[in-house]
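Following the hints, position chain B against chain A.
In the order they appear, the protein sequences are chains A and B. The opening position of the first sequence corresponds to residue 1 in this note's numbering, with each subsequent residue numbered one higher. The opening position of the second sequence corresponds to residue 234 in this note's numbering, with each subsequent residue numbered one higher.
Check before you lean on any hint, since a few could be wrong.
Calculated cross-link-like contacts (lysine to any residue; reagent style SDA-like; alpha-carbon spacing at most 20 Å) [to be verified]:
| hint | chain 1 | residue 1 | chain 2 | residue 2 |
| --- | --- | --- | --- | --- |
| 1 | B | Lys301 | A | Glu218 |
| 2 | A | Lys54 | B | Trp260 |
| 3 | B | Lys472 | A | Glu64 |
| 4 | B | Lys282 | A | Gln109 |
| 5 | A | Lys55 | B | Arg412 |
| 6 | B | Lys301 | A | Lys156 |
| 7 | A | Lys147 | B | Asp389 |
| 8 | A | Lys156 | B | Asn321 |
| 9 | A | Lys54 | B | Asp269 |
| 10 | A | Lys54 | B | Ser270 |
| 11 | B | Lys301 | A | Lys55 |
| 12 | B | Lys472 | A | Gly200 |
| 13 | B | Lys301 | A | Asn71 |
| 14 | A | Lys130 | B | Arg412 |
| 15 | A | Lys182 | B | Ser270 |
| 16 | A | Lys130 | A | Phe227 |
| 17 | A | Lys55 | B | Thr291 |
| 18 | A | Lys55 | B | Tyr410 |
| 19 | A | Lys55 | B | Asn321 |
| 20 | B | Lys301 | A | Gly200 |
| 21 | A | Lys156 | B | Thr291 |
| 22 | A | Lys54 | B | Asn263 |
| 23 | A | Lys54 | B | Phe330 |
| 24 | A | Lys54 | B | Tyr410 |
| 25 | B | Lys282 | A | Asp60 |
| 26 | B | Lys472 | A | Lys147 |
| 27 | A | Lys55 | B | Gly266 |
| 28 | A | Lys54 | B | Gly359 |
| 29 | A | Lys55 | B | Val275 |
| 30 | B | Lys472 | A | Asn70 |
| 31 | A | Lys54 | B | Phe471 |
Honestly, the hints are just simulated from the structure, not real lab data.
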Amino acid sequence: MRTSGLITLSSKETSMGKITKKMFVAGDTADATFLNDPYDSLAGDFVEGDNTSKKWANRDFINEAGGRLNNLYHDYNNGAVAFTTSSTTLTTISNGGDLREVNPNYTCQNDVVVRLCANGLTGIPRVEVKDFTGGNPQYNQYQIAFKITYNGASTKIISYGNYSWFAYAAACDFGAPAASPKSINYRNFGLSILEPFPAGTIINKVELQAKVGDAANELTILRNNLFVVIAEN
Amino acid sequence: MKKFTEQINEQFGQVKPESLNDNTNVWLNNWNGHLDSQNLPVNSIDNTKLIEPTSSKTTITSTFLDWKGQTQNYAQVRFYSGDEGGINDWLSSYQIFLKTDNWTTGWNRLSETIGDFYLITEAQEGMISGQFNINWWLGLNTFKDTGAASAAWGDDWWIRWGLFLNDNLIADTGNLYPREENTCVPFKVPVGTQKIRLDLRWKTITNNPDPTIMFDPTIDVSGYIQILGANIWANNTFK
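Just chain A, same shape as in the assembly (with noise of 0.2 Å):
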């Protein structure tokens, strides 16, 4: 409990709560800082835990509109048309040149996390190249990744998950199984995590990008959905 400082006379002043003020009574000098104390003291004073009444604030009272706690933006695939790649570099998914990205373009207002999740299901993969004896391990191997672009110009990749054409593992070093092996098809895949970004930046671009380990292989993805919250407090 805080008291505003001021100086108490006789009679009885206030028990509770932050303000102090004298409680005339007949025959007491109304003296001009007497009387303007308690109005000055608020005027300069914090509202605390004393001051208010129990359970009182709820959720409303914060205001989300314009400068939000959270901005959420959301791009999905629902399966028409599939996107194949055979690229060895990281590619954004698009469907019939719909790109698989969000553009928030926002400028941070404090330091931010931005969180990135994504998930999606493969197709049936053209599986050219299979290499067991373990020293190619990328052969066996399809990659999906975030590329964020933020500053207009800056790009970083954040995060990737692996997935595996086949059951066998990489290091696997016994040449090729006698019956030629199948893909793995139909497969879920999923990515989240987080990424902290300065006050002051730009978020432009969020995009979900795929490659493959060896351009004799292609990636079919039939549908993906891509969310991205940036959170600012």
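Frame of chain A, contents of chain B only:
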């Protein structure tokens, strides 16, 4: 709306003592413990009035993020093998050799492999939600028995990943059979105002054959778990 007395007193002005008390009693009573929603309209606290969040990021082996806002906190521990987007991202940095390493048939802590891979943070009473991601590879092997032909071995192996909050299992993958995969599992649990520790654990089965029964005894079946990347992130929302 509440009504407050706003009487300005002047030096040498003539007033009754009771008026002086009445003038101040009303608002003092409010100020001293009864301020409420009538004193602060809804939607009056916007982003510009909240204290700015704090953020810290440190890297030892894993990278830790600790971000604290006014309505929510975020925390994360992450580890990835190579430069993200680079050539090394096809390779694993950690392997658990099931034939030779020490492990149990119960839950094994990933932090025993990646030394600092666990998330400790100060939670506030409310909910904690998040996800763990583990990019693992437990593959089938092949072996040759009495000739050149090889056969698959280990198609009944499985691995299972679980996330523990203060040693309580809160999210679980179930059995996952041989493959490489980035497995994402969400979680959401209520928490008190307390320090919490989230750590990822695994259990598996394997049955590597005795290499002496194979055609070429110099080649061993080395079933192992590869770890290419992992992260645990948590979002603590509170009152």
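Right, here's what the structure says about each hint:
For a cut-off of 20 Å, the pair hint linking B:Lys301 to A:Glu218 is broken: about 43 Å separates their Cα positions. This hinted pair checks out: A:Lys54 and B:Trp260 have alpha carbons roughly 18 Å apart, not beyond 20 Å. For a cut-off of 20 Å, the pair hint linking B:Lys472 to A:Glu64 stands: about 15 Å separates their Cα positions. The hinted pair formed by B:Lys282 and A:Gln109 meets the criterion: a straight-line CA distance of about 12 Å does not exceed 20 Å.
Note on A:Lys55 and B:Arg412: the hinted pairing is violated, with a Cα-Cα distance of about 53 Å set against a maximum of 20 Å. Taken as a hint, the B:Lys301 and A:Lys156 pair is broken in the structure, with Cα atoms around 24 Å apart against an allowance of 20 Å. Distance check on the hinted pair: A:Lys147 and B:Asp389 sit about 36 Å apart at the alpha-carbon level, beyond 20 Å; violated. Of the supplied pair hints, the one linking A:Lys156 and B:Asn321 holds, its CA atoms being roughly 16 Å apart against a limit of 20 Å.
A threshold of 20 Å between alpha carbons decides the hint, and for A:Lys54 with B:Asp269 the separation of about 8 Å falls inside it, so the pair holds. About 11 Å separates the Cα atoms of A:Lys54 and B:Ser270, which keeps this hinted pair within 20 Å; it holds. The straight-line distance between the Cα atoms of B:Lys301 and A:Lys55 is roughly 24 Å, outside the 20 Å bound, and the hint therefore fails. At roughly 28 Å between alpha-carbon atoms, B:Lys472 and A:Gly200 are farther apart than 20 Å, so this suggested pair is violated.
For a cut-off of 20 Å, the pair hint linking B:Lys301 to A:Asn71 stands: about 17 Å separates their Cα positions. Proposed proximity of A:Lys130 and B:Arg412 is supported: the alpha carbons are some 14 Å apart, at most 20 Å. Pair hint A:Lys182 plus B:Ser270 does not hold up; C-alpha atoms about 65 Å apart against a cutoff of 20 Å. Between A:Lys130 and A:Phe227 the CA atoms are separated by roughly 34 Å; this puts the pair beyond 20 Å, and the hint is violated.
With a CA separation close to 38 Å, the supplied pair A:Lys55 and B:Thr291 exceeds the 20 Å bound. With a C-alpha separation of about 52 Å, the suggested pairing of A:Lys55 with B:Tyr410 is violated against the 20 Å cut-off. Proposed proximity of A:Lys55 and B:Asn321 is contradicted: the alpha carbons are some 55 Å apart, above 20 Å. Proximity of B:Lys301 to A:Gly200 is assessed by CA-CA distance (about 18 Å); at most 20 Å being required, the pair is judged to hold.
Between A:Lys156 and B:Thr291, the direct Cα distance comes to roughly 18 Å. Compliance with the 20 Å bound is thereby established for this hinted pair. Distance check on the hinted pair: A:Lys54 and B:Asn263 sit about 13 Å apart at the alpha-carbon level, within 20 Å; holds. Among the hinted pairs, A:Lys54 with B:Phe330 is inconsistent with the structure: their alpha-carbon atoms are about 59 Å apart, more than 20 Å. The straight-line distance between the Cα atoms of A:Lys54 and B:Tyr410 is roughly 55 Å, outside the 20 Å bound, and the hint therefore fails.
With a C-alpha separation of about 15 Å, the suggested pair B:Lys282 and A:Asp60 falls inside the 20 Å cut-off, and the hint holds. Restraint check for B:Lys472 and A:Lys147: not satisfied, since their Cα atoms lie roughly 34 Å apart, outside the 20 Å limit. A C-alpha spacing of about 12 Å is found between A:Lys55 and B:Gly266, which places the hinted pair at or below 20 Å, so the restraint holds. Restraint check for A:Lys54 and B:Gly359: the C-alpha separation of about 19 Å stays at or below 20 Å, so the hint holds.
The suggested pairing of A:Lys55 with B:Val275 holds, with an alpha-carbon distance near 15 Å, which does not exceed 20 Å. With a C-alpha separation of about 16 Å, the suggested pair B:Lys472 and A:Asn70 falls inside the 20 Å cut-off, and the hint holds. A hinted pair counts as satisfied when its Cα atoms are at most 20 Å apart, and A:Lys54 with B:Phe471 qualifies at roughly 18 Å.
Of the numbered hints listed earlier, those contradicted by the structure are 1, 5, 6, 7, 11, 12, 15, 16, 17, 18, 19, 23, 24 and 26.
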